[in-house]
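Required output: the full structure, derived from the provided sequences and hints.
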Amino acid sequence: MVQLVEDKLDIETYMELRESVNFHRLSWDQAKKGLDNSLYTLVAYKDGKAVGMGRIVGDGAIICYVQDLIIRPEVQGQGIGGLILETLKSFVMHEGYAGTIMMFDLMCARGREKFYKKHGFIARPTRDLGPGMIQYLQL
Numbered sequence: 001m002v003q004l005v006e007d008k009l010d011i012e013t014y015m016e017l018r019e020s021v022n023f024h025r026l027s028w029d030q031a032k033k034g035l036d037n038s039l040y041t042l043v044a045y046k047d048g049k050a051v052g053m054g055r056i057v058g059d060g061a062i063i064c065y066v067q068d069l070i071i072r073p074e075v076q077g078q079g080i081g082g083l084i085l086e087t088l089k090s091f092v093m094h095e096g097y098a099g100t101i102m103m104f105d106l107m108c109a110r111g112r113e114k115f116y117k118k119h120g121f122i123a124r125p126t127r128d129l130g131p132g133m134i135q136y137l138q139l
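Residues in the sequence shown are numbered consecutively from 1, following our numbering.
Do not take every clue at face value.
[Said to hold, decoys possible] List of simulated lysine-lysine pairs, DSS-like, C-alpha gap at most 25 Å:
#1 K89 with K114
#2 K118 with K89
#3 K117 with K89
#4 K89 with K46
#5 K8 with K46
#6 K8 with K32
#7 K32 with K89
#8 K89 with K33
#9 K8 with K49
#10 K89 with K8
#11 K49 with K32
#12 K49 with K89
#13 K118 with K46
#14 K8 with K33
[Stated by the list, open to error] Derived Cβ-Cβ restraints for the label pairs, each shown as a range:
#15 Q138 with M1: 36 to 46 Å
#16 G48 with G77: 13 to 23 Å
#17 D128 with E16: 33 to 43 Å
#18 K33 with R127: 31 to 41 Å
Think of the hints as simulated: they come from the structure by calculation, not from any bench.
Ideal placement from N, C-alpha and C gives every residue a C-beta, glycine not left out.
What follows is the structure, encoded as structure tokens:
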């Protein structure tokens, strides 16, 4: 059984989960500031072990981003990612203002588009929406 824990993601677990899927390494200070500035974090535990996580960043009114949705490779395909994503979406739905529209965005890893489309996301570019873009800044 999977247990979801809200807003208790610690730096060690965050770094370990990132490493499990080969995300680039962060410094301790980067990880701490990133977690401290998250609107919401969620960790999935299975048999007492952290097997997945997701977090929301943004302003909570106009736009929220799914950031770092991570599922350990050995438990991918077991529905944990969908459970986390739907819980993140529920948080965003309750965070916003009734009668308004909130943008709910993410940047997905190559090959994961089908998973996100299944959960209602639109791949860009479209006829009306340009491509998502990114820039990495070496500090």
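Check your understanding: Given the hinted pair K118 and K46, is their alpha-carbon gap at most 25 Å?
Key -> It holds: about 24 Å lies between the C-alpha atoms, which stays within 25 Å.
Does the alpha-carbon distance linking K89 and K8 stay inside the 25 Å limit? 18 Å, holds
Given pair status - K89, K32, alpha carbons within 25 Å: 23 Å, holds
Tell me if the beta carbons of G48 and G77 are separated by a distance inside 13 to 23 Å. Cβ of G48 to Cβ of G77: about 21 Å, so the range 13 to 23 Å holds.
Next on the checklist: Please verify whether K89 and K114 have alpha carbons no more than 25 Å apart.
Outcome noted: Holds: K89 and K114 sit about 17 Å apart, inside 25 Å.
Requested in this report: Take a quick look at whether K8 and K32 sit within 25 Å of each other, Cα to Cα.
Outcome: 13 Å, holds
Would the hint linking K89 and K46 be met if the CA-CA limit is 25 Å? 21 Å, holds
message = Checking one constraint from the list: CA of K8 to CA of K46, max 25 Å. Satisfied?
response = 16 Å, holds
Problem - Agreement of K118 and K89 with the hint, judged by alpha carbon distance not exceeding 25 Å - result: 14 Å, holds
Measure nothing beyond the straight line between the CA atoms of K89 and K33; if it is 25 Å or shorter, mark the hint as holding.
23 Å, holds
key: Pairwise beta carbon distance, D128 to E16, judged against the given window 33 to 43 Å   = 40 Å, holds
Measure nothing beyond the straight line between the CA atoms of K49 and K89; if it is 25 Å or shorter, mark the hint as holding. The hint holds at about 24 Å.
Going down the numbered hints, you'll see the structure goes against none, and every one checks out.
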